[in-house]
Amino acid sequence: MKFKSLIITLLASSIFLTIILCIWKILATLQGLSFTNLNFNLNLLLSLGLVITFIFIGKKFNHILKIFILSLSFTILYTFLNENSPMWFSVGIFLLILFFTNKLKKYDLKYLNQDFISEKIVFEFLSLFAIVFFALVILFPFYIMFVTSLKTQTALLINPIDLSIDFSKNIFEILKSYFVIFKTYDFGRYILTSSYVSVGTVLITLLFAIPAAYAVARLNFFGKTFLSTSILIIYMFPAIVLVIPLYTVFSQLGLRNSVEGLLIVYTATTLPVAIYMLQGYFKSIPKEIEEAGLIDGQNWFGIIIKIIIPLSLPAIASVSLYVFMIAWNEFLFSLMFLDNPKTFTLSRAINHLTGDAETPRQYLMAGSVVVTLPILLIFIYFEKYLVSGLTAGSVKG
Amino acid sequence: MSTTLSKIEKRTAYTLLLPAVCLVFAIILFPIFANVWISFKEVGLKDIRIPEPRAKKIVKNIQDSNSELKIIYKLRNSSLIQDIREVRFLDKLPKNVEPVNLDKRCKFKSQKIKCFFGNWEAGYRENFEIFVKDVNNNAINNNDIKSYNPNLNGKSNNILLTTDFTLKNFKKVFMNNNFFELLTTTFYFTFFGTLGAILLGIFAAQLVNQKFYGRTFMRSILLFPYVGPVVALAYTWTLLLDPNSGTINSLLVHYGVIEKPINLLGQKYLIINILGFELKLRLALTTVIFFEIWRYFPLAFLFILARLQAIPRDLYEAADVDGAGPFRKFFYITLPQITAILSILFMIRFIWNFNKFEDIFLLTGGASGTLTLPISVYQQGFAISNIGMGSAVSIVIVLLLITFMIIYFKLIGKKVNEI
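Protein sequences, first through last, are from chains H and R.
Take the first sequence: its letters are residues 1 to 397, numbered as in our numbering.
Take the second sequence: its letters are residues 1001 to 1419, numbered as in our numbering.
The following block holds chain R by itself, in its conformation from the complex (with noise of 0.2 Å):
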């Protein structure tokens, strides 16, 4: 009896599950295993397009005659890299319409015309004629010859599904001299843009742990960046942000901060002198770090007000007896008791901005120093139109999130056992 309960209680769970798991399986694991084979192969983003063979028909009365008519097939392989094998034919006439002098490559059998056009080149074009007669002499109506399309078909190489492969695309993607500092501006930006989100975080969950006149509106006010669309915020601070008629710009120089204002977005490097050593800041990086600080602090926020709230009151109350001031208690008591929280949260952010693309898209297309792995992946695929590079490219990003996963395991499963 009870092996049949559990027999039944597994056929339900997977039927449950079925729906959910095929989808993500077709959408999310199989694109990620696509990549690999993609990324063995030179294919370019013209190459998806599957060759098709096409025909437009035109119908054109002949003079003097009523019941006679040219029909007009304007053929043609819709691709211009490649050719299309076994291309077939087919197109209805009307009841008692009848072809004259039919093409040597078709046959009428009733009332469908067949051809065999055999293979088309790349960039076949051909006018292909056919006159047609009614058998009892009527006039033909022209609408009931257009009323049916011709249908065609023809064989031809997906060169997706070829086995030729290459290991042209990882050479290209190493062997680029811009490669490391590809490797150094995803760093950078993922690392400063988590730390910042974080510390400004922590920095937000403390103030609204505080009780204060309007505390709960603050608290909503604080989530909005990360609630609002990144293309609407994105281009906005883009306008803000603009040199010659953003307000900040216009804003410093009108109040003598600055003689001529700043390209913050499409300046690669600011160089700055300090005692004598200049230093030279990635000035776009820089902005977009920030953008992505003041994007995500709301999540750090979120996070850390949530385990705020969960520190016992009495600890506080010890503190007061013993009169330690609000930054000793920070540090002694608030600090030590989110550890571990920043610590997951730093290492989930981590990822996350590691992957992050709309937003440098949006601000800079990835231009002034500012291409990161993500960016590269849409550069490479779509704006060179390097299908098989955006792919290698995107190989390299999994396999350094496979990597960092199995640090971000490792230590939290050590820290699940500390909690």
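Isolated chain H, as found in the complex (with noise of 0.2 Å):
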């Protein structure tokens, strides 16, 4: 019998739930229940109390059947300490205690006999606590946002803890924040003009990109190398720096508060990474391909066309997705280039509202929401692309 390792064991599962506990219970809070003290003690005692049991259990009893006798009489005994939480608060403890002991399965006391068996036990939980917190780090603020342009200023004033969404109103009421933006601050335009924007800086890109780049990878020329270094070079200059002569330079011409500006910029800040991304694919490809091409009386055009664009339509798709992204979700260009309302991207929009210190936080939110959610939704569907763009552009932030 080693106490060392059941002693640990029983510490980090232990910790490990009453943590996970506190958690349902804060999210609990914010959906208008209110509890004022998270009892972490007792908390911790009923946790130590489960683990004990379910060690000494073993493997007496058919593993479904003890789980869920276990869980079942936790949050019975849960709920009884904690008066007034409704159904669906011990619905998610049920769960949560289910989903633990599950994980507990193999955790006997043979198990605990076995060599360098608690560091083993100790790092099972941080991975599993770890994943809890990245999770609940990452996605808590993407849901204030969306919570938030579902609720209204006031209700927000008067307790900003209770972010529950009152389903009792219809579904315009519950999403007018949405009308509201689309009608009174013209929404639609800026969608019109940020996706114009985008588009358009990917399609400049590529046909600045695609030629330069395939000088770069495979034509010899006086200043090669030269030109590979200061690619990089040129990229990691940042934005702030171009900023005020470009600012002159564009009053002058008249080119401020145009969206023709705009993608003149947005396409020379990105064209070097483009360039960077796009030559190391193009070393990739064979080269009898293209001598094969060669012999058959192609030009240089023509083996661009024919030849090299089809061969890396992987890379381009990167290349695209990651300059779309960039293009979407610029800032510092549009802020300073833009001041009237009919040529605001989404992005300058959103911090135009911000500006009026009138502006409910439900509108200034729901502007939130309609700039991330087409951007989430790219990143999910072409994941695959849009990583291997970040990985290879990722000097760039």
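Hint data in this document are derived by calculation from the structure and do not stem from the laboratory.
Please note that the accuracy of each hint is not assured.
Claimed, not checked - Straight-line Cα separation of at most 30 Å, DSSO-like style, residue types lysine-lysine; simulated pairs:
#	chain 1	residue 1	chain 2	residue 2
1	R	Lys1057	H	Lys342
2	R	Lys1410	H	Lys283
3	R	Lys1146	H	Lys342
Taking the hints as your guide, dock the two standalone chains into a single complex.
Printed below as a string of structure tokens:
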């Protein structure tokens, strides 16, 4: 019998369960339940009791039956101790315990007698905790963004921690903020401008980058090494040092407040990375294919159109998505160049909304959802391409 | 034969490169050099508007007469600070319409009125009137006359193109008492932002490199903060951290963790008492650094994960045979394998965090001790409207960047040899 590993298991698992229970309680508070105390010590004791019972019962019962009975009795006890908790809260507790006890499946006294087991156990619960931690830290702001857009300013000012959605209202009232930003604040136009700018940037960037990348990857010319190192160096220079000269020149040329001006700047700032990413891929295409094309009487133009582009579609997709993401999310230049609401992009429009302190926050968050949702959906759908684009281009940030 | 082929190859290469190079030169390289020029000048935001002669045309009927009209041009110099020299004016009249008693400064020839107004000082205004009459005493259509727009041009000095230079901007930048604080704030932000993002990235990559249910889903979620638009995310965090009605402060107060809400983004210092020692924590700066870490650790994660997946499995199998636990495996196998990528990552992220503008700007606007060099460029150039100063700060950024890059390429060169 190894007491050290037994105690470590008990502590690690019950602390983990306590933290999970507390998180669930906090999330429930945000749905309008009025807990005033987390009862950390009580939770820890309960969890400890649960784990001890679990380990000492061992494998005498059928596993599924065991976890069901344990979870149910724990839930009943827990609900009894936390009075006035509604049904869904208890169901959540039940599911959490079910998941937790299922994780404990292989732990019995025999398993804990193995060598070096305690470090492994701590590590296991640490990773479980890390998964919960990362998921929470990342998704929480997105959740808040969405939920706030469905609330009203007054409700939020009265009770900022009650984020529950009132389903007794009809759907139009719940989604009112979205109707308002599209009608009053003209977000439909901004979506169009943003899409136009982003897609335009992608197309122009590709038009310029593909030939240039081909030249860097394949052809021999004077100054080639100089050019390929300077691509990376140029890429390191930030937008903020370009902003003042570009602002002055664009003001004098009348290119400010125009979508074309933005297109030019976005294209130029994404070109270096696009060339860098594409030339890397072009180099991996076997030269023999092109030579065959040359013998068939193709010129350089024909080779690029008929051989290089069809063969490097995955790389082109990565570059396109990456450039699209940069253009869609870009803020600095749109802030500097656009003053006229008629030419606003989405990012600039949301910034403009905050300029007026009177704007209710649900409109601001509805706007944020509108600008975030498309790029997240594109990311989820094309994740493979975008991830490879990010890895190749992530010298930029 | 071969020489001509290589000539053709060269020529093709240059043609293919030309558009991209021109664009990058015009939009990226030219501004960097233009900064040097502007930083030696005293230029404000208002100076960069070129003064223009302008005219507003108003057509008025004269009582009792259909065949006569009065045209009033409201002339002005658009600039309140600069003169315009040699202003010229041109307008057209419809057929058979002629001016009567034309001003001395003007001439009428083939239905065109040409005037030479000479010099207009700053803020010049004049109501310039012309009476016109139909030659055949027919009624004149007002809209016919209005359909022509007067054309004006003149010469003016463009402050940006003169050759008066001054060192004032740089003196102001370096002699400013806050310059040292500006540098240290930038350094703190950059260093801790980078370090935190990489540590969290290692942690996340180590996590996702294990096998568990929902692993691919987890990998997508981890990239959300980086993929989402900075505007939306920054405002969401501002709302979350708001001292009056932000969710996080309210929750902490609700559960009795803190007594009063903390203004995490608006308070410069937080004084912590540890064992009688008073520690001053840069609160707003710390919050901004945490946002930075939150937003950019996904990139570190992506890089490190790619490297982790390339570590040969048998190393870990050997460690298993030796009975090494997960922590030892990490410190003795994983960490040595990823140091190279970590150092590259650190340097790249360091440069990019050093340049970061949007995040701080949207969260605090550079207030409460979060003023970094990039924010300073914006404040000088656009909030205080001193373009010259803004450029001078830009030059400081560029010089520091070049220093970082030299260090970077020296170290990376060595690293590449080691691998």
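Okay, the hints, checked on the actual structure:
Distance restraint check for lysine 1057 of chain R and lysine 342 of chain H: the Cα-Cα separation of roughly 27 Å lies within the 30 Å cut-off, and the hinted pair is therefore satisfied. At roughly 26 Å between alpha-carbon atoms, lysine 1410 of chain R and lysine 283 of chain H fall within 30 Å of each other, so this suggested pair holds. Taking the CA atoms of lysine 1146 of chain R and lysine 342 of chain H, the gap is near 27 Å; set against the 30 Å cutoff, the hint holds.
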